[in-house]
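Peer 1: Line by line, the protein sequences give chains A and B. Going by this note's numbering, 187 is the number at position 187 of the first sequence; the sequence numbering is gapless. Throughout, this note's numbering is defined as the position within the second sequence, counted from one, plus 249.
Possibly wrong hints are sitting among the right ones.
Chain B is faced by these chain A residues, among others (derived, beta-carbon under 10 Å) [said to hold, decoys possible]:
hint: 1; residue: 48
hint: 2; residue: 54
hint: 3; residue: 76
hint: 4; residue: 78
hint: 5; residue: 84
What the hints contain is simulated information worked out from the structure, not anything from laboratory work. Predicted model only: the values in this text are computed from it and were never measured. From the three backbone atoms N, C-alpha and C, an ideal C-beta is built for every residue, glycine too.
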Amino acid sequence: MEKLLEIKDLWVEIEGKEVLKGINLTLPLGQTHVIFGKNGSGKTSLLMTIMGFPVYKIKHGRILFKGEDITELPPYERAKRGIGIMFQRPPTVKGVKLRDILKLCAKENKVKIEELAQAFQFENFLDREVNKGFSGGELKKSELLQLLVQDPDLVLLDEPESGVDVENIQLIGEMIKKLLQKDTPHKPRTKSGLIITHTGFILQYVAADLGYVIMDGEIYCQGNPIEIFEGIQKYGYEGCKKCLKRLSF
Amino acid sequence: MLEKAVNLKSFKSAKVAPTPKDFTELSEEEKEHLKLLGLDENLKREGEYVQVDAIPLLCKRKVEGLEILPVTEALKKYDWISDYYWKAVSSEKDEFTKAVAEDLDNGYFIRVLPNYKLVYPVQTCLYIRTDNIAQRVHNIVIVEEGAELNLITSCSVHPRIGSALHIGISEFYVKKGGKLTFTMIHVWGEKTSVRPRTGIIVEEDGTYISTYVTLFPVKNIQTAPVCRLIGKNAKASFISIIANHPGSYVDIGGEVHLEAEETRTEIISRNVIYGGENIARGRIIAKAPKVKGHLECQGLMLSDEGVMKAIPELDSYFYDVELTHEAAVGKIAQEEVEYLMARGLSEDEAISLIVKGFLTIKIEGIPPALQSQIDKTLELAKLGF
Chain A
1 MEKLLEIKDL WVEIEGKEVL KGINLTLPLG QTHVIFGKNG SGKTSLLMTI MGFPVYKIKH
61 GRILFKGEDI TELPPYERAK RGIGIMFQRP PTVKGVKLRD ILKLCAKENK VKIEELAQAF
121 QFENFLDREV NKGFSGGELK KSELLQLLVQ DPDLVLLDEP ESGVDVENIQ LIGEMIKKLL
181 QKDTPHKPRT KSGLIITHTG FILQYVAADL GYVIMDGEIY CQGNPIEIFE GIQKYGYEGC
241 KKCLKRLSF
Chain B
250 MLEKAVNLKS FKSAKVAPTP KDFTELSEEE KEHLKLLGLD ENLKREGEYV QVDAIPLLCK
310 RKVEGLEILP VTEALKKYDW ISDYYWKAVS SEKDEFTKAV AEDLDNGYFI RVLPNYKLVY
370 PVQTCLYIRT DNIAQRVHNI VIVEEGAELN LITSCSVHPR IGSALHIGIS EFYVKKGGKL
430 TFTMIHVWGE KTSVRPRTGI IVEEDGTYIS TYVTLFPVKN IQTAPVCRLI GKNAKASFIS
490 IIANHPGSYV DIGGEVHLEA EETRTEIISR NVIYGGENIA RGRIIAKAPK VKGHLECQGL
550 MLSDEGVMKA IPELDSYFYD VELTHEAAVG KIAQEEVEYL MARGLSEDEA ISLIVKGFLT
610 IKIEGIPPAL QSQIDKTLEL AKLGF
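Here chain B stands alone, though its shape is the one from the complex:
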């Protein structure tokens, strides 16, 4: 029986969790786990933020033009932050936003100053290591005019943890001509519940590219980021790469409001179903003329035990728009398996390669460092049987 709902009251506050002083207090197993998620000193990063349970353990800026702070400090430091705090996501949206508004643990504040184009990624990590806590996080990212940021967020739990809840509010602002490439790589546990609540506002000529990767078992995830393209020629891409395992309930959506002329978006999801239930939602709303949107959802069923639902929605309020969607759900083609077997691969190896290929999406505009982290996660997940 899948558990789709979350009882907030059954979790303790993350603030009661024992606080590690620094990384040396984490076990070798945890350090190795985090390293695989991208917290690797050998990788080039412009800045880093690591939060363990409720506590920021690392917050480091390595280049000019970047501000990176725990959000609680940013709230104290900048009075103008009220222009961004709970402005892309309503604190009244649901019980999870209310829970964070009432009792915030922490989160990251990242701002790239105008015209600074950061070359290497900024890495953040929201890590839960204590049993049965709810981690309540609020993140704010501002990419100022003409600036560029590549952000990787790796969220995970202790490899041996029991139940946990992660609530992450994220508000992203891409100013005129700015570009934010946001890559989320989640490695949760089979007893973890996850409720991200994300709002994005993109101004004229701005670009937002979001890639969400979750390939490991999770108890349940429900999220549906809402993106508003408010300036002419703003663009947004949402890509989800999902492996749905037995016992996992994964409901991932994406909603893009095309509010200005010549805005465009694509929402692409690739879902491999080993079991559990997977819902791939996508909604594009044309609120201005001369806009374009494309929704694409593909599901690969590897078992009769799982459920896959593709729910695309296209809404238009103007005649001069171009909105399209395509969806396909099916099994692996036997001829592809046999083709690879004729080259010397066993059936399992062939299926694994086909699944990996299915989940490999060439993401336009994504920098090589982010792509390599996604590729590495695909390798780690050892897809197939």
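This is chain A alone, in the form it adopts within the complex:
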């Protein structure tokens, strides 16, 4: 199976503090993997490092995307190559409308922004300053709409269900399914996803192929995501530690 993303022995620091300690991970084309971990475990650091934000200093290891070493590339080059990220807490960009960003995300993609926004009941937000005064669910919709327009091959989703009320979670799930081509189950998928979550609730709406547990910057186990999630619900993350099935590659 074609490898879309490969992470090899990745060690990362932020301001001198080690946050990722030898991460190895392979994401095949068309698959969705989910990473479980409690707050501060290194989940967000992993996504931000894959996206290439400079505050995450890679001390060792490589990141390959579509076979190309992208370890040294800035975020916009990674975006151009087909990586997109949904931020958990995106910033407000003063004076910049959501529509402005969507147009930039679209680039050559011939996307009908208005129609897409309408489909997810978000057309009234197009001319608002991006993220300003948005509720939790609105922030997620804004992020997912940007990704739908950007149309990346690898989608990085940082806590997609956090801060979303019950009414909106279904719609957020629909948007993620569309993004990952899970709304057309019989077609071969070309989009892949890496989802991080600490509650795991998103699994009720989006099916994942493989799950991992990350703790203290290390991946401890991998397997069926539903089984891992049920284990976490039953024993907590401490139970994962006791299991001590740390992966070695």
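Following the hints, put chain B in place on chain A, whose structure we already have.
Peer 2: Quick look at chain B alone, frame taken from chain A:
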């Protein structure tokens, strides 16, 4: 070393400048430049006035209810003009007002007759095309009772000019229930000195909205319009959108006197500092009870080479008033840059978009034609690095 002061004696009179007969004598480059500033025949305008150096080259009225004349003609035509001439600005204010009082080149006189509400803008342009001259201008605008005027003034210099000085006296009168939306878009040169001296008087239920846009390098500008709200429920808004470049000294103020009950004002400035020195002053003086005023100044520092000073002042002589101010000066948030980079923008493109967003102010009451001219100027300025 920034040159903040102006030596009046070092400039020649604009009257000695060679006089073009009409627009055909301007070069294609100049015509294109002026077109970008809004002198475009494809744009709908109710009237136009263009002054080149000391000479009015175009003065055209297109609708009923509007009078537009070179001010020198208006001074001859109307004896009542003495009620407006040097009444909102004192001729003794400083050396620049004295210089214009002593030797006036020209300027525009615009009057909108009572209850005429002009839909499209009136466009004026004060253009300097000759090296080393001082252009001395006096403008008078009267918006009569219940009338409305949208005025765009584009001031600029020849794209290849050396040093120049523009002194512009402007006196604006908004009568009872009238509305004047005044948008100044300035594209000066890095050797141009600019000294506008502006006074505004707004009567009961009148509205004055001023937007000042200067996004290109200039040698120095110093101005502080004084607005008096003399009638109940009169309103004034001052918005400044400034990009301060290396070598530029820009000192922009605004002073509003709330002289009648229920008058209100806001003074808002957005300043992006690439270099040079920027001073954003604002002063609101409550001279009557039940008034409201808000001052807001924000500066975005893009370099360690520049200086930004925010100087807000609030004066009150009554207890039942509401005066507020907020000021913030800082750098671009890295998380905003990275957010946009994750969407595929390079760092320069991200900074440019953030700066443009910072300078984009939604101005309440401004008509779409004026807003689009401001937006166009923001595009032209190619903000960022």
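Peer 1: Would you mind marking each hint as holding or not holding in the structure?
Peer 2: Consistency of the hints with the structure:
| no. | hint | verdict |
| --- | --- | --- |
| 1 | 48 | holds, 9 Å |
| 2 | 54 | holds, 8 Å |
| 3 | 76 | holds, 5 Å |
| 4 | 78 | holds, 8 Å |
| 5 | 84 | holds, 8 Å |
Hint compliance for this structure: no hint is broken.
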